[in-house]
Amino acid sequence: MSAHAAVDHAHDDHGHHHHKETFVTKYIFSTDHKMISKQYLVTGLIMGIVGIAMSLLFRLQLAWPDHQFTAYEIFLGDWGKDGVMDPNIYLALITIHGTIMVFFVLTAGLSGTFSNLLIPLQIGARDMASGFLNMVSYWLFFISSVIMVMSLFVESGPAAAGWTIYPPLSALPNSIPASGMGMTLWLVSMAIFIASSLLGSLNYVVTVLNLRTKGMTMTRLPLTIWAFFVTAIIGIVSFPVLLSAALMLIMDRSFGTSFFLSDIYIGGEVLHNSGGSPVLFEHLFWFLGHPEVYIVLLPALGITSEVIATNSRKPIFGYRAMVASILAIAFLSTIVWGHHMFISGMNPFLGSVFTFTTLLIAIPSAVKAFNYITTLWKGNLQFNPGMLFSIGLVSTFISGGLTGIILGDSTLDINVHDTYFVVAHFHLVMGISALYGLFAGVYHWFPKMFEGRMMNKNLGYVHFWVTVIGAYGIFFPMHFIGMAGLPRRYYTNTAFPYFDDLSDVNIAITIFAFITAAAQLVFLYNFIHSMFYGKKGSKNPWNSNTLEWTAEVKHIHGNWDGPIPEVHRWPYDYSKLNKDESDYVIPGQDFVPQHIPLQDNEEEMHH
Amino acid sequence: MTGLLALIVVILFVVTIWQMSKIFKLSQLKSKSEDAQVATDKDNRINGKLMIMFLVFLYAITIYCFWNYSKFYLPEASSEHGGSYDTLMFISLALIMVVQVLTQALLHYFAYKYQGKKGNRALFYADNDKLEFIWTIIPVIVLAGLIIYGLFTWSDIMNFEEDEDAIVIELYAKRFAWEARYAGADNTLGNANVRFIEGANTVGVDLSDNDAMDDVITSELHLPVGRQVIFKLRSQDVLHSAYMPHFRAQMNVVPGMITQFSFTPSKTTEEIRQTEYMMDKMEVIKEIRKEKNKKSIAAGDGPIDDYDEFDYYLLCNKICGSSHYNMQMKIVVETQEEFDKWVATQGTVSSKLVAE
Chain A
1 MSAHAAVDHA HDDHGHHHHK ETFVTKYIFS TDHKMISKQY LVTGLIMGIV
51 GIAMSLLFRL QLAWPDHQFT AYEIFLGDWG KDGVMDPNIY LALITIHGTI
101 MVFFVLTAGL SGTFSNLLIP LQIGARDMAS GFLNMVSYWL FFISSVIMVM
151 SLFVESGPAA AGWTIYPPLS ALPNSIPASG MGMTLWLVSM AIFIASSLLG
201 SLNYVVTVLN LRTKGMTMTR LPLTIWAFFV TAIIGIVSFP VLLSAALMLI
251 MDRSFGTSFF LSDIYIGGEV LHNSGGSPVL FEHLFWFLGH PEVYIVLLPA
301 LGITSEVIAT NSRKPIFGYR AMVASILAIA FLSTIVWGHH MFISGMNPFL
351 GSVFTFTTLL IAIPSAVKAF NYITTLWKGN LQFNPGMLFS IGLVSTFISG
401 GLTGIILGDS TLDINVHDTY FVVAHFHLVM GISALYGLFA GVYHWFPKMF
451 EGRMMNKNLG YVHFWVTVIG AYGIFFPMHF IGMAGLPRRY YTNTAFPYFD
501 DLSDVNIAIT IFAFITAAAQ LVFLYNFIHS MFYGKKGSKN PWNSNTLEWT
551 AEVKHIHGNW DGPIPEVHRW PYDYSKLNKD ESDYVIPGQD FVPQHIPLQD
601 NEEEMHH
Chain B
1 MTGLLALIVV ILFVVTIWQM SKIFKLSQLK SKSEDAQVAT DKDNRINGKL
51 MIMFLVFLYA ITIYCFWNYS KFYLPEASSE HGGSYDTLMF ISLALIMVVQ
101 VLTQALLHYF AYKYQGKKGN RALFYADNDK LEFIWTIIPV IVLAGLIIYG
151 LFTWSDIMNF EEDEDAIVIE LYAKRFAWEA RYAGADNTLG NANVRFIEGA
201 NTVGVDLSDN DAMDDVITSE LHLPVGRQVI FKLRSQDVLH SAYMPHFRAQ
251 MNVVPGMITQ FSFTPSKTTE EIRQTEYMMD KMEVIKEIRK EKNKKSIAAG
301 DGPIDDYDEF DYYLLCNKIC GSSHYNMQMK IVVETQEEFD KWVATQGTVS
351 SKLVAE
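Going down the list, the sequences are from chains A and B. Residue numbers for the first sequence follow our numbering, beginning at 1 and rising by one. Residue numbers for the second sequence follow our numbering, beginning at 1 and rising by one.
Certain hints may be false.
[As the list claims (entries may be wrong)] Heads up, simulated DSS-like pairs for lysine-lysine below, C-alpha to C-alpha not over 25 Å straight-line:
id, chain 1, residue 1, chain 2, residue 2
1, A, Lys539, B, Lys117
2, B, Lys330, B, Lys286
3, B, Lys117, A, Lys536
4, A, Lys536, B, Lys22
[What the hints assert, rightly or not] Just so you have them, the derived chain B footprint on chain A, three or more residues with Cβ under 8 Å:
id, stretch
5, 171-177
6, 276-290
7, 360-366
8, 461-470
9, 491-497
Rather than coming from a laboratory, the hints here were simulated on the basis of the structure. Computed from a predicted structure; not experimentally measured. Where is the CB? At the ideal position from N, CA and C, for every residue including glycine.
Chain B with its partners taken away, still in its complex shape (with noise of 0.2 Å):
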């Protein structure tokens, strides 16, 4: 695909240099006249045909980019909330689209159609209430259905319900890492503060807080499928954006605060490394990294990291300083045992802060 984009590039250059003598040879010609750099019929005439092709070329890469790009879009949700939110996605896309291709298309279409001539007569029309008050309307009741549609969906998302299972869960992020801590068997987040850290208590745990003794923090976010979970989100430096795109949420963490989001994931990990979309697009992936590989060792950099099955990600989506671009964490959705069978082995707060 490069070798294709570099050669379109090649040929839209190669037109510019040939579009551009021409226009240097008719610039020799221009007459002495005090009007040399007013637009003549000529000159309307010409831009007027590339308003066309310009229409046509604004077709063809809106084209193109939906042909080769679309596949891009992030696979079907894996959270309960993110089919809604993809099928609003879906629904304002389709609607841009067409405003889109109908208003270029008269844009430029009349740009084409009513090029200048000497001779011609405009139309002096100045008003008209009956059109003003049509294309009011129209996008009023048009966005009327949007607003509605998305602050139902945002409501739903937002103002959650707890629901008795539901596993409450911190995420705690720092320059440049995230650290998870479970709420344990009580399925309450001991207290916490910045100005409890000390040692290998990283994330500020009180320790003189009962609560907190059945706490369980991790480097990992396993979390088990088909539960909803309540993320609170604490940050001990500057903002943050804890953002889960495969699970269509994010919220910013803010020191000095506690944000929160919740969903409930639907799809566990193995699920979702067998759909089709996730084995295209790693065998997609997996060839260019091979490529990279072969580069990289001949550059003598050594083997670049294995990228063999697809994890889901915790990414830092607000700027945080140098390593901001590499501020992960590993999610992993597994079933309620495999999931049971993990924390137990990842030690509580008691058992690994408090005996030392």
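Just chain A, same shape as in the assembly (with noise of 0.2 Å):
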């Protein structure tokens, strides 16, 4: 495999062709990796600013209901007159909000940002395999954000039939007025979006496997890069299924079928809709649904991978057991999409294997956060803010994962199901995580992003000691209100006087909301700030041993300037001593990139 890449690569090797850029090419409709990985990476902040806004507006109505609030004029218009939210704008928000931050944010800012500018630079390669497809792509994605945020702005509000969109309520306009105009549009940026991710995820797998450098196998792959092609996998297979949901639904909306649709009384007549089901609909929803948190968590592990061992200056702890438990977990991921559906009226049988199997892919999960935790045992940890993020995400990785034993249990289920107990799990396990995953990753390749400039480390300390405290404050006293029996997707718990004594949590919970979202204008701040006027730094700022590094700090389209690097060992060869253990590989350096050759003082390992 990797002689066939070097024949591939030799027509390359003259060096690299200058053409004349302009301002379009470069900026716009621009083919290079490096430059759509940040047109997502922009993009996704934008529509993470949009998706947090959100999530702040709901959490003032949740903590005090009975108030009124000038924000809901300002923000919302005819939405909240007098300061007094609709409740069905409330709906929207939450879905809009689950919509934007699973699929806009966390897939394709998270995974669009970090598969674009990491694949080519870690395996060595001048670009994607296909620049164009990738530009298409991106573009694709960037029209699906529109038409999202365009939805916004229908008369009869976004759509509000929560981000899973269940039929008949999405189904049925005359159920709530947002399943009209807002519901198509939201399936028309949606069927754009699987587009556009589905280009990116063959990409990502072609350039993968066949355009890794001279000397690149499989296994001297870096864990990012092994993270990346598993999660494309994982989204080649499982996102169709949404798209033939999705346009499932559009018939049923449109053109008079009964897919989900069945015995349905509303607005004072019967519809003409017979033998449909809408467990159907969940079927196929979660089958990409669960995958999807995957799509979402894999890359954000991945990152964390190489970020602390990177900073422990020690190889990641286990190499192969990371791989085989991203291997196991994306497997696993595709069969257990029923334990959305325990209480869905789903046959009980089918209830027990799902708790099998998703029971089953805590045991992957649970060797990855050991192996994080040996990884920091008896390293020289640099402290850096991405090593920061990538310990904090292992802490809600585990905090958040272990609660999936309760939600994982057909049994427990039952009675947490819809509570705020799943709203605090899924946000720590896959929410924070794959946040703090990004800011990991943006901090640590930042100065891959914007040629050498690095952000500044005091802001990102602030940014994550805030955050981290908050994002606890936030969903740990959640789960003790999902407990309680507490619904989510309640626009107010005052209908129930029961809920009465909760209302002190709640307020609590927004309080730290407000706080959090305060910390990331900080990273707002120091991003825009560092994009200009960051400190540069070394080629090699965290003296990293992956071929990034070995790039231009310049960009040029083709990364790299002469030939491009050959490999000759793992990735992870910190703190290697040589023969006699008197030094380290390399005397006084502590790091062995991968593109140098074995030394005369070297033990090769299995690596």
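Both chains are sitting in their own frames, so use the hints and assemble them into the complex.
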């Protein structure tokens, strides 16, 4: 395989050809993976601002349901008349918050950014297999983002059936007005998003398989690349299923089919639909929906592996076990979707099967957590902001993952299903963890994205510490109101006096949410400021082994000015000693980059 | 308690500002070298300490939440299967808390202990099959135990056997209300479909079906204590979910199909009101509502609803539209005699619908 790659690259090695670039080809319709990755990141961050702002609005409503806020009037217009939030817009806010955060921020913003940036750079390729498809992929993502944002301004309101858009609610405009135009735009936006994601994923897979530089065997790939590669495969397997579900829903809505509808009486009349089943939609949705969790999480775990190893100055512990658990998680993730449907009316026997597979997935996850902890052990930890966020990720991954043992158990799910316990669980294990992965990646690879400029570390520290405290402050107490039986997606809990004693907790959660959101402004400031005025660091600021740090600091199309470096070792030779253990392999330097050949005084390990 | 929470927040905020100003001051002193934004020994020291402090924070918030919030956990289950549900829940909770406390301690302690310092040498330690094996096999064994226990409980709850005197009740969901249909003397529900909905026949009973004649349709759910109830759930419009938290019972209601769930109520409404748990809770809630009432009257919104006594409730737990948050039904668990008396006053389908 690697010999084959070398042939592919032979023609590249004559050096880089300079093309004349205009503003349009450089910044807008760029086919360069580094620029596309930045486009993904910036679009993802903007969507993130929208998504988080929405969460603040509905947290206000949840904490002080009887209070009038001018903020509603300002941001929601007629939906917030006299400072009172309309129940329909509350549902729309939670729906679009979920959609934006899961798909637009954590799928495209995280995986899109770092797969694009790192795959070519870390495997030693001049660009993606198809720069053009890559560009198309980004622009489809952009169009779908624009459509999603546009749907916020529809007169009848944006989609409001929950991010899972279960029919019949999402299929019948006379159930909620938002299921009219708003829902149509949601579906169109997601269909385009899926196309974008598929083009991107196919490109990643082909690139990883075919364009590795000489010597870069699969077992020498950094764990980031393994994670992106497997993520892309899961995406290719599961996203098309969501596309078909969306198409069938469009048919039900507009062309009178009955895939998901049957025996419905609404608005004073019986609909003609017969024979369909909403449970079918749930199956199709979660066949993507659950792997989606890992599409979000695996890239974050990949980034963490790389950042923790580099900053611990130690090899990642159990490289093979890490790869094996990524593969195991990926495989299992496609056969656990039913754990979202234990009480959907699905056959209880299937519930048993899905409980079994779901709890199985805890095993590779536990292995990963233990391996991270062991990597820290006896390290020489450099607390750069990226490293802090990686450790934070391991912490929330454990806390959030453990409650999955309760939710994955069909019996226990009966009484915590769709309560705030679920909300706390998935925000910690997938939302917060993946966001930490995103932040770790941005801090760590910022110099690679912005030609050597680095983000301010002190602002990074402030950002990290306020965020970790705030995130636990939000989601830890949330488990308890969930176990009190408080349902999610309730506009207000005042209709149940029984929940009155929980309102203090809701207030505390909202306060923490505002503090945490404020900390993200520090990040934004740091990001924008450093983009233009950040201090330039050295070519390899973190003393890392992977290939991207051998590429030119200045962005050129083709990444390396000269020939592509050849790889002679795995990427984790940190603090490796020479044969007589008198010094590091390279005296005075505790890392041996991948392109350095085996030294005379060095013992060859099995990597 | 709000006061205490507010105080904590203020303190945290002040500490944050103070730390930020300190950090800004520090950042003024940064060297001109190109490594200015790479962590120094000093950064490692500060952040290492913060890691330990964070661990303390994590434990503190855990203890605080368990101390103050564990009373929110629902009262002892009012259904027969609820006991085994709670046992399984507590075993799982205890287990995950042990793992949580230990792993978080290791993670943050290692971060503190091995904070970087110039001249320190990390250990090149890439693999250990034995360790990997240990922490694969331990979760396997523990999870196997949980899975087996969980599955037995699950199958007991879901694959229930029908008692001879089981009572069959249809729970009928529509936006945004519930109705109950009792099977009546023959204990057989008459056929029903949304296509039969007309006028007063709101749940779509097939009036030509003889089984339907003795059915009783009500807007409150009354259950005789100690007798198995088999719920048949039906929705007329969108997805709903019938959630009865105190009975550890929940099942989605799906238009176009009939789902089912069963439990045996074990505590009457009267009994649960007398429990210490409920009396304490009601006292707290009454106190809160008194305050609320005062505020509401002062704001000119009039008095709020009374809430003097606890009642079981059924709530909708699947997003179904604008009033989803208020789709509820009162549940009364009572003795057989009380139940019979109540049913007799409700009127059957034949008397209410056919007679018209």
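Do the hints match the structure? See the list:
A hinted pair counts as satisfied when its Cα atoms are at most 25 Å apart, and lysine 539 of chain A with lysine 117 of chain B qualifies at roughly 22 Å. Under the criterion of a C-alpha separation no larger than 25 Å, the hint pairing lysine 330 of chain B with lysine 286 of chain B is consistent with the structure, at around 19 Å. Between the alpha carbons of lysine 117 of chain B and lysine 536 of chain A the distance comes to roughly 23 Å, so the proposed pair stays at or under 25 Å and holds. Of the supplied pair hints, the one linking lysine 536 of chain A and lysine 22 of chain B holds, its CA atoms being roughly 24 Å apart against a limit of 25 Å.
Using a Cβ-Cβ cut-off of 8 Å, 3 residues of the stretch 171-177 of chain A lie near chain B, which meets the minimum of three, so the contact claim holds. Check result for the stretch 276-290 of chain A against chain B: holds, 4 residues qualifying (beta carbon to beta carbon below 8 Å, three or more required). Look at the stretch 360-366 of chain A against chain B: 4 of its residues bring a Cβ nearer than 8 Å to a Cβ of that chain, three or more, so the hint holds. Given a C-beta distance limit of less than 8 Å, the hint that chain B covers the stretch 461-470 of chain A holds, as 6 residues qualify and 3 suffice.
Coverage of the stretch 491-497 of chain A by chain B holds. Counting CB-CB distances below 8 Å, 6 residues qualify, and the rule asks for three or more.
The structure fails none of the hints (numbered hints given earlier).
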